[in-house]
Amino acid sequence: MIKINHLTKDYGQQRGIFDLTFDVQRGEVFGFLGPNGAGKTTTIRHLMGFIHPNAGNCSINGLDCGTHSAEIQRNLGYMPGEIALPDDMTGLEFLHFVADYRGVTDWARVEQLMARFELDARGNLKRMSKGMKQKIGIVCAFMHDPQVLILDEPTSGLDPLMQNHFIDLVLEEKAKGKTILMSSHIFEEVERTADRVGIIREGHLVTVDSVAALKAAQRKRYTVSFASEKEAQAFSKESLDY
Amino acid sequence: MNTTLFMREVRSSYKLWLIFIAILAMYISVIISMFDPKLGETLDLFAKAMPEMMSLFGMGETGATLIEFLSNYLYGMLMIVFPMVFIIMLANRLVAAHVDHGSMTYLLASPNTRRKVALTQVTVLLSMTFTLLLICVGIAIGVSQAMFPGALIIGDFLLLNLGLACLLFALCGYCFFISCISNETGRAVMFGAGIPTFFYLVQMLANMGGKLADLKYATIFTLFNPKAIIAGDVSAWWMCGVLVVIGAIFFSIGIARFEKRDLPL
Numbered sequence: 001m002i003k004i005n006h007l008t009k010d011y012g013q014q015r016g017i018f019d020l021t022f023d024v025q026r027g028e029v030f031g032f033l034g035p036n037g038a039g040k041t042t043t044i045r046h047l048m049g050f051i052h053p054n055a056g057n058c059s060i061n062g063l064d065c066g067t068h069s070a071e072i073q074r075n076l077g078y079m080p081g082e083i084a085l086p087d088d089m090t091g092l093e094f095l096h097f098v099a100d101y102r103g104v105t106d107w108a109r110v111e112q113l114m115a116r117f118e119l120d121a122r123g124n125l126k127r128m129s130k131g132m133k134q135k136i137g138i139v140c141a142f143m144h145d146p147q148v149l150i151l152d153e154p155t156s157g158l159d160p161l162m163q164n165h166f167i168d169l170v171l172e173e174k175a176k177g178k179t180i181l182m183s184s185h186i187f188e189e190v191e192r193t194a195d196r197v198g199i200i201r202e203g204h205l206v207t208v209d210s211v212a213a214l215k216a217a218q219r220k221r222y223t224v225s226f227a228s229e230k231e232a233q234a235f236s237k238e239s240l241d242y
Numbered sequence: 001m002n003t004t005l006f007m008r009e010v011r012s013s014y015k016l017w018l019i020f021i022a023i024l025a026m027y028i029s030v031i032i033s034m035f036d037p038k039l040g041e042t043l044d045l046f047a048k049a050m051p052e053m054m055s056l057f058g059m060g061e062t063g064a065t066l067i068e069f070l071s072n073y074l075y076g077m078l079m080i081v082f083p084m085v086f087i088i089m090l091a092n093r094l095v096a097a098h099v100d101h102g103s104m105t106y107l108l109a110s111p112n113t114r115r116k117v118a119l120t121q122v123t124v125l126l127s128m129t130f131t132l133l134l135i136c137v138g139i140a141i142g143v144s145q146a147m148f149p150g151a152l153i154i155g156d157f158l159l160l161n162l163g164l165a166c167l168l169f170a171l172c173g174y175c176f177f178i179s180c181i182s183n184e185t186g187r188a189v190m191f192g193a194g195i196p197t198f199f200y201l202v203q204m205l206a207n208m209g210g211k212l213a214d215l216k217y218a219t220i221f222t223l224f225n226p227k228a229i230i231a232g233d234v235s236a237w238w239m240c241g242v243l244v245v246i247g248a249i250f251f252s253i254g255i256a257r258f259e260k261r262d263l264p265l
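Quick mapping for you: the protein sequence lines, in order, are chains A and B.
According to this note's numbering, the first sequence is numbered sequentially starting from 1.
According to this note's numbering, the second sequence is numbered sequentially starting from 1.
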């Protein structure tokens with residue numbers, strides 16, 4: 001469904017993404033992991049058609065992201081990593097605007113989504129907290145019941161209860177056969193929903209594997225404190241079996 | 001064009017539009033009320049006493065008829081500079097501000113192509129600019145008829161404004177082009193406002209005459225020539241045609257660049 005093929009965007013100074021290749025199957029939830037600045041958002045911006053690659057290409061449902069973005073967007077829901085909303089509108093006005101602008105006729109679904117996230121959107125967007133804006137972003141991404149969802153760090157700013165609501169929503173959509181690409185910088189955030197996970201570091205894809213395999217291979221780190229330097233030296237000479 | 005976006009943009013900019021109409025309505029009424037053959041003589045005295053200062057503002061000759069008077073005092077500066085500032089501000093809001101702020105994300109994360117978004121914004125810019133001009137023309141005709149019935153030759157006055165419309169179209173095209181290629185509003189305003197202002201300053205210097213008169217070839221404002229339009233000079237319309245072509249070229253390059261370029265969203 002989503003195909004990324006040797007995608008390269010070089011911003012210089014080792015920044016950007018380099019020769020990225022992976023795909024997301026129809027009906028799959030794909031977790032896209034990496035530290036801040038690794039290139040997750042850059043990859044997603046290519047998928048959205050906001051920027052164009054230096055080399056390689058990417059496509060969604062067989063349509064090239066650079067040239068057919070409007071067609072792709074008909075069936076795509078997007079949640080940006082940084083939600084920038086107009087500051088001269090109330091949340092409700094904005095949701096009405098986005099619905100009309102997209103040609104969404106099913107307002108009931110918008111109301112369902114708002115109820116689900118306990119979103120009272122009557123206030124001015126300018127005065128909304130990060131979490132509130134995040135909820136508006138969720139409603140915008142899901143309101144037109146798209147087949148493909150691209151979610152850039154969707155749970156940042158949400159409280160744990162809302163994070164759970166969000167995970168439930170993702171699982172429901174997955175059950176309906178939706179294809180979902182979700183980025184995060186924490187493994188735990190995607191392990192409950194994702195089938196497979198791709199890890200990106202400094203613009204290079206490190207690994208793509210199933211959640212189960214990654215969990216098994218997960219490294220655990222422990223910090224051991226010693227009472228004195230002597231004990232620590234003794235410990236360092238010990239041959240450790242692990 | 002997307003009607004929802006059109007309405008949204010009009011709603012968020014109509015206050016700016018009303019403010020400029022109010023300012024212009026005030027100036028138009030004051031200037032027209034100053035039309036008085038006797039006052040004209042006084043202004044002539046001014047013009048004789050300090051010709052450089054008066055011609056600097058395009059107010060070199062007072063003119064005997066109301067339309068000549070208006071073309072000097074209103075169409076020499078006020079009716080050019082105020083709509084120009086309005087265009088600079090609105091063009092910047094319509095594209096560059098959305099990109100800078102990030103709200104362009106929502107406009108493009110939709111089944112609307114970049115071209116469609118850009119064309120909608122062009123429609124907003126042109127319709128708000130031209131309705132502003134139309135309303136000013138209405139006010140000017142209304143005030144003239146009320147204060148000096150029959151003094152204004154309306155046909156000529158409309159032609160004068162058609163010429164101004166060509167100049168404003170060129171300015172719209174240029175400012176929209178800058179807005180389309182800018183990532184930050186700061187840069188958009190700097191180039192969007194800087195170059196037209198520079199051209200206008202050159203025009204002011206050229207107005208002073210003498211050796212400086214040759215500077216008129218270095219500014220696009222020369223292409224709008226109220227005196228030649230009123231005189232029925234064909235060359236005046238050639239120049240207006242050039243303005244329309246300049247505007248159209250800037251609009252098309254701006255839209256094409258916006259369609260192709262990487263956006264920092």
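Some clues are possibly wrong.
Coverage of chain B stretches by chain A, computed from C-beta distances (three or more under 8 angstroms per stretch; other residues unrestricted) [said to hold, decoys possible]:
{"hint": "1", "region": "4-15"}
{"hint": "2", "region": "96-105"}
In silico negatives: residues of chain A with every beta carbon more than 12 angstroms from chain B [to be verified]:
{"hint": "3", "residue": "S69"}
{"hint": "4", "residue": "G103"}
{"hint": "5", "residue": "D106"}
{"hint": "6", "residue": "D195"}
{"hint": "7", "residue": "K215"}
{"hint": "8", "residue": "A227"}
{"hint": "9", "residue": "A232"}
Heads up, simulated PhoX-like pairs for lysine-lysine below, C-alpha to C-alpha not over 25 angstroms straight-line [stated by the list, open to error]:
{"hint": "10", "chain 1": "B", "residue 1": "K227", "chain 2": "B", "residue 2": "K211"}
{"hint": "11", "chain 1": "A", "residue 1": "K3", "chain 2": "B", "residue 2": "K260"}
{"hint": "12", "chain 1": "B", "residue 1": "K216", "chain 2": "B", "residue 2": "K227"}
{"hint": "13", "chain 1": "A", "residue 1": "K237", "chain 2": "A", "residue 2": "K174"}
{"hint": "14", "chain 1": "B", "residue 1": "K15", "chain 2": "A", "residue 2": "K126"}
{"hint": "15", "chain 1": "A", "residue 1": "K220", "chain 2": "A", "residue 2": "K237"}
Hints listed in this document are in silico derivations from the structure and should not be mistaken for laboratory results.
Just so you know, even glycine gets a beta-carbon here, dropped at the ideal spot from N, CA and C.
Each hint tested on the structure:
Only residues whose C-beta sits within less than 8 angstroms of a C-beta in chain A count toward coverage, and the region 4-15 of chain B has 4 of them, enough to reach three; the restraint holds. For the region 96-105 of chain B, the proposed coverage by chain A is satisfied: 4 residues have a C-beta within less than 8 angstroms of a C-beta in that chain, meeting the threshold of three. Here S69(A) does not stay apart from chain B, with its beta-carbon only about 7 angstroms from theirs, under the 12 angstroms limit. Residue-level check failed: G103(A) sits 7 angstroms from the nearest beta carbon of chain B, not beyond 12 angstroms.
Taking the minimum C-beta to C-beta distance to chain B, about 15 angstroms, the non-interface status of D106(A) holds against the 12 angstroms cut. D195(A), annotated as away from the interface, keeps every beta carbon of chain B farther than 12 angstroms; the closest lies near 25 angstroms. In this structure K215(A) is separated from chain B by more than 12 angstroms, as the shortest Cβ-Cβ distance comes to about 33 angstroms. Residue-level check passed: A227(A) sits 53 angstroms from the nearest beta carbon of chain B, beyond 12 angstroms.
Separation of A232(A) from chain B is adequate, the least Cβ-Cβ distance of about 50 angstroms exceeding the 12 angstroms criterion. With a C-alpha separation of about 21 angstroms, the suggested pairing of K227(B) with K211(B) holds against the 25 angstroms cut-off. For a cut-off of 25 angstroms, the pair hint linking K3(A) to K260(B) stands: about 22 angstroms separates their Cα positions. A hinted pair counts as satisfied when its Cα atoms are at most 25 angstroms apart, and K216(B) with K227(B) qualifies at roughly 15 angstroms.
Restraint check for K237(A) and K174(A): the C-alpha separation of about 51 angstroms exceeds 25 angstroms, so the hint is violated. The hinted pair formed by K15(B) and K126(A) meets the criterion: a straight-line CA distance of about 19 angstroms does not exceed 25 angstroms. For the hint linking K220(A) to K237(A), the alpha-carbon distance of about 22 angstroms falls within 25 angstroms, and the restraint holds.
Violation of the numbered hints given earlier is confined to hints 3, 4 and 13; the remaining hints are satisfied by the structure.
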